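Participant: Start counting the sequence shown at 1; every next residue gets the next number (our numbering).
Keep in mind that the hints were calculated from the coordinates and are not lab data.
Treat the hints loosely; a few may be bogus.
Computed cross-link-like contacts, DSS-like style, restricted to lysine-lysine with a CA-CA straight-line distance of at most 30 Å [to be verified]:
id : residue 1 : residue 2
1  : Lys26     : Lys15
2  : Lys129    : Lys22
3  : Lys129    : Lys104
4  : Lys104    : Lys26
5  : Lys160    : Lys120
6  : Lys26     : Lys173
7  : Lys128    : Lys193
8  : Lys160    : Lys173
9  : Lys173    : Lys15
10 : Lys129    : Lys62
11 : Lys22     : Lys124
12 : Lys124    : Lys160
13 : Lys26     : Lys125
14 : Lys62     : Lys15
15 : Lys104    : Lys124
16 : Lys129    : Lys26
17 : Lys22     : Lys104
18 : Lys120    : Lys104
19 : Lys22     : Lys128
20 : Lys124    : Lys173
Please read all numbers here as calculations on a predicted model, not as lab measurements.
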Amino acid sequence: MPALGDVYIDSMNTKDSKLIWKIREKVGMVFQNPDNQLVATVVEDEVAFGPENLGLKPLEIKERVNQSLHAVGMQDYRNFAPHLLSGGQKQKIAIAGILALLPKYLVLDEPTTMLDFNSKEEIKKIIKKLNQAGTTIIYITHFMEEALLAQRVLVMREGKIVDDGTPEHIFTKEDFLLSLEDLLKELINLRKKLGKNLN
Numbered sequence: 001m002p003a004l005g006d007v008y009i010d011s012m013n014t015k016d017s018k019l020i021w022k023i024r025e026k027v028g029m030v031f032q033n034p035d036n037q038l039v040a041t042v043v044e045d046e047v048a049f050g051p052e053n054l055g056l057k058p059l060e061i062k063e064r065v066n067q068s069l070h071a072v073g074m075q076d077y078r079n080f081a082p083h084l085l086s087g088g089q090k091q092k093i094a095i096a097g098i099l100a101l102l103p104k105y106l107v108l109d110e111p112t113t114m115l116d117f118n119s120k121e122e123i124k125k126i127i128k129k130l131n132q133a134g135t136t137i138i139y140i141t142h143f144m145e146e147a148l149l150a151q152r153v154l155v156m157r158e159g160k161i162v163d164d165g166t167p168e169h170i171f172t173k174e175d176f177l178l179s180l181e182d183l184l185k186e187l188i189n190l191r192k193k194l195g196k197n198l199n
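Just need the whole structure built from these sequences, with the hints factored in.
Facilitator: As structure tokens, then:
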């Protein structure tokens, strides 16, 4: 629920507490750290957790679990313990758990930040396939190469949208490129200050 402003999901205002369950049926979210999202001790149970809470029948739950694990290429790991999986595999399981709820919109909050290169590439392929199959993807990232894959890019600064357009439009604008240079200088200065404080 937003603290300021309004966020609408299919004309439903997320501030309206009476609509919270209808909204949750439409929107799924995957976080940066999959460990913050995993609750079960077996992969299959993890993916089934959401559908079970919806009160679905066992056969439908089983079908959703199978489809979701196949969608992320983790069907052979259904009996594994999530805590024994790699970071990339855990993120796939987190995505599968959300997919089992059949969301119309999937929000991913920097889903590749904690992953190695190969895992990042695998997650990006899964997301692309989901989008091609009809799921709307809202992808939050600081990585420009990931933003290039989008159909539409929103540039935000201090909680406000400062630009909106195709990747080609955004990444060829001189003022945007200059803003990245300014941001880089700020980060370098911050690193220097932190380095002095640590010594």
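Participant: All hints, please: hold or fail.
Facilitator: Cross-check of the supplied hints:
With a CA separation close to 15 Å, the supplied pair Lys26 and Lys15 stays within the 30 Å bound. Proposed proximity of Lys129 and Lys22 is supported: the alpha carbons are some 25 Å apart, at most 30 Å. Taking the CA atoms of Lys129 and Lys104, the gap is about 14 Å. The hint holds against a cut of 30 Å. The suggested pairing of Lys104 with Lys26 holds, with an alpha-carbon distance near 5 Å, which does not exceed 30 Å.
Restraint check for Lys160 and Lys120: the C-alpha separation of about 28 Å stays at or below 30 Å, so the hint holds. A hinted pair counts as satisfied when its Cα atoms are at most 30 Å apart, and Lys26 with Lys173 does not qualify at roughly 34 Å. Taking the CA atoms of Lys128 and Lys193, the gap is near 40 Å; set against the 30 Å cutoff, the hint is violated. Under the criterion of a C-alpha separation no larger than 30 Å, the hint pairing Lys160 with Lys173 is consistent with the structure, at around 18 Å.
Under the criterion of a C-alpha separation no larger than 30 Å, the hint pairing Lys173 with Lys15 is inconsistent with the structure, at around 35 Å. Of the pairs offered as hints, the one joining Lys129 and Lys62 holds, with about 22 Å between alpha carbons and a cut-off of 30 Å not exceeded. For the suggested pair Lys22 and Lys124, the alpha carbons sit about 28 Å apart, so the restraint of at most 30 Å is met. For the suggested pair Lys124 and Lys160, the alpha carbons sit about 26 Å apart, so the restraint of at most 30 Å is met.
Between Lys26 and Lys125 the alpha-carbon distance is near 22 Å, which keeps this suggested pair within the 30 Å criterion. Taken as a hint, the Lys62 and Lys15 pair is broken in the structure, with Cα atoms around 34 Å apart against an allowance of 30 Å. Under the criterion of a C-alpha separation no larger than 30 Å, the hint pairing Lys104 with Lys124 is consistent with the structure, at around 18 Å. Proposed proximity of Lys129 and Lys26 is supported: the alpha carbons are some 19 Å apart, at most 30 Å.
For the suggested pair Lys22 and Lys104, the alpha carbons sit about 12 Å apart, so the restraint of at most 30 Å is met. Using a Cα cut-off of 30 Å, the hinted pair Lys120 and Lys104 holds, with the two alpha carbons roughly 23 Å apart. Pair hint Lys22 plus Lys128 holds up; C-alpha atoms about 26 Å apart against a cutoff of 30 Å. The straight-line distance between the Cα atoms of Lys124 and Lys173 is roughly 25 Å, inside the 30 Å bound, and the hint therefore holds.
Hints 6, 7, 9, 14, counting from the list given before, are not met by this structure.
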